[in-house]
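Student: Sequence:
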Amino acid sequence: MRKLILPAIIMLAITGCKMTTGSKAQYYLGDTKKAETTVDKPQEVKAATVEDMSLKTIIDNAWQVNVDYSPQLAYSLGDESKAALLADLSPEILAEKNLRQKALLSSLKQLDKDKLSKTDKINAQLLQYQLQNSVDMYTYKDHYLPITAESGFHAYVASMANARLNTAEDYQNYLDKMTALPKYFAQQTFWLKQGLSSGITPAKVTLNGFEDSISAYIVSVEDSGYYKPFADFPDHFTEAQKVDFETKGKQVISHQVLPLYQQFYDFMTEEYIPNARTSIAAKDMPNGDAFYQNRVEYYTTLNMTADEVHQLGLKEVARIRAEMEQVITDVEFKGTFPEFLHFLRTDPKFYPKTAEELLKEAAYIAKKADAILPQYFATLPRTPYGIKPVPAEIAPKYTTGRYSGSNRDDEAGFYWVNTYALDKRPLYEMEALTLHEAVPGHHLQISLNKELTDLPNFRRYSYISAFGEGWGLYSEYLGLEAGFYQDPYSNFGRLTYEMWRAARLVVDTGMHTQGWSRDKAIEFMASNTALSMHNVTTEIDRYISWPGQALSYKIGELTIKRLRTKAESELGEDFDIRLFHDALLENGSVTMDILEQKVDEFIQEQKSAQS
390 MRKLILPAII MLAITGCKMT TGSKAQYYLG DTKKAETTVD KPQEVKAATV EDMSLKTIID
450 NAWQVNVDYS PQLAYSLGDE SKAALLADLS PEILAEKNLR QKALLSSLKQ LDKDKLSKTD
510 KINAQLLQYQ LQNSVDMYTY KDHYLPITAE SGFHAYVASM ANARLNTAED YQNYLDKMTA
570 LPKYFAQQTF WLKQGLSSGI TPAKVTLNGF EDSISAYIVS VEDSGYYKPF ADFPDHFTEA
630 QKVDFETKGK QVISHQVLPL YQQFYDFMTE EYIPNARTSI AAKDMPNGDA FYQNRVEYYT
690 TLNMTADEVH QLGLKEVARI RAEMEQVITD VEFKGTFPEF LHFLRTDPKF YPKTAEELLK
750 EAAYIAKKAD AILPQYFATL PRTPYGIKPV PAEIAPKYTT GRYSGSNRDD EAGFYWVNTY
810 ALDKRPLYEM EALTLHEAVP GHHLQISLNK ELTDLPNFRR YSYISAFGEG WGLYSEYLGL
870 EAGFYQDPYS NFGRLTYEMW RAARLVVDTG MHTQGWSRDK AIEFMASNTA LSMHNVTTEI
930 DRYISWPGQA LSYKIGELTI KRLRTKAESE LGEDFDIRLF HDALLENGSV TMDILEQKVD
990 EFIQEQKSAQ S
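Under the numbering used here, think of the first position of the sequence shown as 390, with each following residue one higher.
Hints are all accurate, no fakes.
25 Å max Cα-Cα, derived DSS-like pairs, lysine-lysine:
no., residue 1, residue 2
1, 987, 507
2, 909, 593
3, 582, 572
4, 757, 950
5, 471, 617
6, 617, 639
7, 813, 749
8, 723, 738
9, 672, 909
10, 996, 507
11, 987, 498
12, 950, 996
13, 491, 510
14, 813, 777
15, 617, 777
16, 909, 813
17, 987, 504
18, 813, 742
19, 639, 572
20, 471, 637
21, 749, 738
Honestly, the hints are just simulated from the structure, not real lab data. All values reported here derive from a predicted model rather than from experimental measurement.
I would like the entire structure built from these sequences, with the hints used as guidance.
Tutor: This is how it looks when you write it as structure tokens:
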């Protein structure tokens, strides 16, 4: 029987939409003669009411909302009837989901928290954090933005071709999902058009080259990623089955899928990108000031203002810069800081010659990192991880590396390494990148989170950015204690990565609230880090199109470091790093105030045990 584990990160919010007028709202893909889809105007949705619910009932109902509106999630939970479906993103469906979540949020806020156990108080606080975000994102019409500077729905949905297909039913479900793509693309394009009409789009400058992420899918049938399942059938299939499914697959890809991408390419290049907003600041969008402050609080999980974040960033930049200057002195470089950065960016000795060389370097570092884990952690995950390149279709505008969790208990997670533009992928950054994305960073934290079977599902399969990204950055620092960064250039790479995250606090708030231009942000990042100029511009565009997310890293890392210093100070010789790390991770992904609460409890428990 198929046994699946849910995705490690579940996006719990589908957000806002502006209802159209008239009995029908029509939306198209490119040439209207090629494809036309209509969506009925939503009927009035009566507000849901939730009264006198227990916390457990609210938790169960909130999880059910996610299952009801995500066929992928439902299927991963064992609902075979959802195997051939894609999410319905019609206005009435999104409005209905929002009303259900608002009702649950209201009921949750009315609960008498004083009567709850310690564990349930945390459950209530985290569920409120998640539900509030979903409701907020609907209000701010985030649903108008199914694309970012990096990529978009057209690339993410293509991952359906990577699913493991073993039976004739699996292949038929895959064919049905491809057949459903025109409706899915039409719905997403409808929301993109709503964004155009209301000024809620990515900044035009961040969409330079975006069309390449679409044209990468406009290839011959046999070269299409969607064809992959028909090029490698299971051994137990008969020749007749293979011929039948391959014929059907070719027909669907040729007549529906490939024209769909061409239509989307035409729409983006002829209509969307030329008319996208010219401002880069979130504050310039409708309700922009409130939206950005909302994102600051969501991504930091703290009541900080944008200006407070900006000032903290400047302070951290100055501190890290002093450490970087010391490394330059240690290697006896005769020149200025900008000249040293130029040297690092241009000397061929720092760059891999082949993609294989870069991947092997990542694998070697990862294996070294595996070996140090027992010294720092008493509890380790059972799920292994592998290393593979970022998919070529999205690599040009994609970040330098990322972790992708497994959605099955018989598959590994993967550390993605970007092998595009090898002359922009310095080897001196690879130790920091690997420790962040693989272990002891994202793979270890996310896998352990998923294995906390005593937690309710909404906590096992959620990801709080300040915690997760803060942990990733802390993991880079932990490598210093574990004996990594022996080469001074690699240590400078570590400092570059820390500076990168500190500079994010400055440029993100600067661009979105203080009138910084894109060029000013690029110059600030480039003059303070050794990141390649390709990475600098890619990252700045990412921050423009994803307001606030970049604040998570430094805020989370500084919180974890402060809490560790507190535990070390109070416990003295009795401080055990392995138990401390387990205490940080044993509750899954949590907000910063909950993390502090749990560390305080850990300190008291350790004191009691020692006394």
